[in-house]
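Below, each chain spelled out in residue letters.
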Amino acid sequence: MPTRDEIYAKVQTALVDALGVEEDEISPAATMVGDLGAESIDFLDIVFRLEKTFGIKIPRGELFPEDVLSSSEFVTNGKVNAAGLTALKERMPFADLTKFESNPSVQNFANTLTVEDMVRYVQLKLAA
Amino acid sequence: MRWFWIDRFDEFVRGKHATAVKNVSLAEEHLHDHFPGTALMPNSLVVEGMAQTAGLLVADAIEFNRRVVLAKVAGAEFYFDAVPGDTLRFHAEICDLKPAGALTHVTSHVGDRLQGEAELFFAHLEPGEGVPKLFEPDELLKWLDQMHIYDIGRDAAGQPLARPDW
Numbered sequence: 292m293p294t295r296d297e298i299y300a301k302v303q304t305a306l307v308d309a310l311g312v313e314e315d316e317i318s319p320a321a322t323m324v325g326d327l328g329a330e331s332i333d334f335l336d337i338v339f340r341l342e343k344t345f346g347i348k349i350p351r352g353e354l355f356p357e358d359v360l361s362s363s364e365f366v367t368n369g370k371v372n373a374a375g376l377t378a379l380k381e382r383m384p385f386a387d388l389t390k391f392e393s394n395p396s397v398q399n400f401a402n403t404l405t406v407e408d409m410v411r412y413v414q415l416k417l418a419a
Numbered sequence: 401m402r403w404f405w406i407d408r409f410d411e412f413v414r415g416k417h418a419t420a421v422k423n424v425s426l427a428e429e430h431l432h433d434h435f436p437g438t439a440l441m442p443n444s445l446v447v448e449g450m451a452q453t454a455g456l457l458v459a460d461a462i463e464f465n466r467r468v469v470l471a472k473v474a475g476a477e478f479y480f481d482a483v484p485g486d487t488l489r490f491h492a493e494i495c496d497l498k499p500a501g502a503l504t505h506v507t508s509h510v511g512d513r514l515q516g517e518a519e520l521f522f523a524h525l526e527p528g529e530g531v532p533k534l535f536e537p538d539e540l541l542k543w544l545d546q547m548h549i550y551d552i553g554r555d556a557a558g559q560p561l562a563r564p565d566w
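From first to last, the protein sequence lines are chains L and B. Numbering-wise, the first sequence is residues 292 to 419 according to the numbering used here. Numbering-wise, the second sequence is residues 401 to 566 according to the numbering used here.
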């Protein structure tokens, strides 16, 4: 099992290749969309790279639960409701959703996921 | 009129790799202005040729049942410019193929010299995902015939490809 720092270094390489950003633009707290400029197609690219780098399988919707965010059951008036937040926490144990919970607008979700969340996700997959 | 930036395939192995050629000619109007007296094949159009090579390889691999769209040029580097008289050989390999998309690596050679290389990422879209129908089946088949895919194409076991009955 690689260390957290080893995983971080490989995640960083995957993000540099997928997003065309410089290595020093990537920090654990950097958000994927807001800071690194990831667009929806980039997430698919990142999934390909993480799978190859770490030899893991990432089912669609596991890293980015789009289905929760587009469900009328979980979204009320453009905001993720209590049931939706519970679903997100269950589906994304690797993500720190504290900040998102203070204003759970669907639009804000894009700025929730950080580089450190990605590292934690890989750690969970490798430990499984 | 379609936007053709490859002339034919010389090699096509289903789901694996393919080689297509593009002859650069001064008869192509875009070279008259790019640039007067010094015609250079724009590398943006080289990328288009690479994308057509890799895109047809990917679309065939998923049996043309989704719309294969060039979603991203993840990286591209060029080492010299192609000029009229050159034959570009595009070699595409599928690095990864999933229901949602494909990652390919494509090189462009003039003779033995590496002219450029790119990592091209394709999305596979369902009808209704924001992309209009790209081809009528008979039009697509004409293009594939023109590209000689069913003359020279082979599956992974080396058997000739069957021409689809669309």
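Heads up, a few of these hints could be off.
Unchecked claim - Chain B is faced by these chain L residues, among others (derived, beta-carbon under 7 Å):
| id | residue |
| --- | --- |
| 1 | I332 |
| 2 | F334 |
| 3 | I347 |
What the hints assert, rightly or not - Residues of chain L clear of chain B, computed beta-carbon distances all greater than 12 Å:
| id | residue |
| --- | --- |
| 4 | T294 |
| 5 | R295 |
| 6 | A309 |
| 7 | L310 |
| 8 | S331 |
| 9 | L335 |
| 10 | D336 |
| 11 | I349 |
| 12 | P356 |
| 13 | L376 |
| 14 | T389 |
| 15 | K390 |
| 16 | S393 |
| 17 | N394 |
| 18 | D408 |
| 19 | Q414 |
As the list claims (entries may be wrong) - Derived pair list, reagent style EDC-like, types lysine to aspartate or glutamate, alpha-carbon separation capped at 20 Å:
| id | chain 1 | residue 1 | chain 2 | residue 2 |
| --- | --- | --- | --- | --- |
| 20 | B | K498 | L | E330 |
| 21 | L | K301 | B | D496 |
| 22 | B | K472 | L | D387 |
| 23 | L | K301 | B | E519 |
| 24 | B | K498 | L | E342 |
| 25 | B | K472 | L | D308 |
| 26 | B | K472 | L | E342 |
| 27 | B | K498 | L | E357 |
| 28 | B | K498 | L | E313 |
| 29 | L | K343 | B | D496 |
| 30 | L | K343 | B | E526 |
| 31 | L | K348 | B | E536 |
No lab work stands behind these hints, which were simulated from the structure alone. A virtual CB, placed ideally from N, CA and C, is assigned to each residue, including glycine.
inquiry  = According to the definition I'm using, a residue is off the interface if its beta carbon is farther than 12 Å from all beta carbons of the partner; does D408(L) meet that for chain B?
reply    = holds (21 Å)
query = For L310(L), is the shortest beta carbon distance to chain B beyond 12 Å?
reply = Check fails; 9 Å does not lie beyond 12 Å.
inquiry  = Min Cβ distance, F334(L) to chain B: is it shorter than 7 Å?
reply    = violated (10 Å)
key: Assertion that L335(L) lies farther than 12 Å from chain B (Cβ)   = For L335(L), whose nearest Cβ neighbour in chain B is about 5 Å away, the distance does not exceed 12 Å, so it is violated.
request  = Against chain B, does T294(L) hold up as non-interface, every C-beta pair farther apart than 12 Å?
outcome  = At about 26 Å from chain B, T294(L) clears the 12 Å cut-off, so the statement holds.
query = Does K472(B) pair with D387(L) here, judged by a C-alpha cut-off of 20 Å?
reply = Measuring from Cα to Cα gives roughly 29 Å; hence the hint is violated.
inquiry  = So R295(L) supposedly isn't at the interface. Is its beta-carbon more than 12 Å from every beta-carbon in chain B?
reply    = Consistent with the label, R295(L) stays out of reach of chain B, its closest Cβ about 26 Å off (over 12 Å).
Hint consistency between K498(B) and E313(L) [alpha-carbon to alpha-carbon, up to 20 Å] = violated (28 Å)
key: Hint validity - I332(L) Cβ closer than 7 Å to any chain B Cβ   = holds (4 Å)
ask   = Given the proposed pairing of K472(B) with E342(L), does the C-alpha separation stay at or below 20 Å?
value = Cα-Cα ~18 Å, so holds.
Nearest-CB test (12 Å) between chain B and Q414(L) = At about 23 Å from chain B, Q414(L) clears the 12 Å cut-off, so the statement holds.
Proposed proximity, D496(B) with K301(L) (alpha carbon, max 20 Å) = Satisfied, since the Cα-Cα distance of roughly 19 Å is no more than 20 Å.
In terms of the numbered hints stated before, the structure departs from hints 2, 3, 6, 7, 8, 9, 10, 11, 22, 28, 30, 31, listed from lowest to highest.
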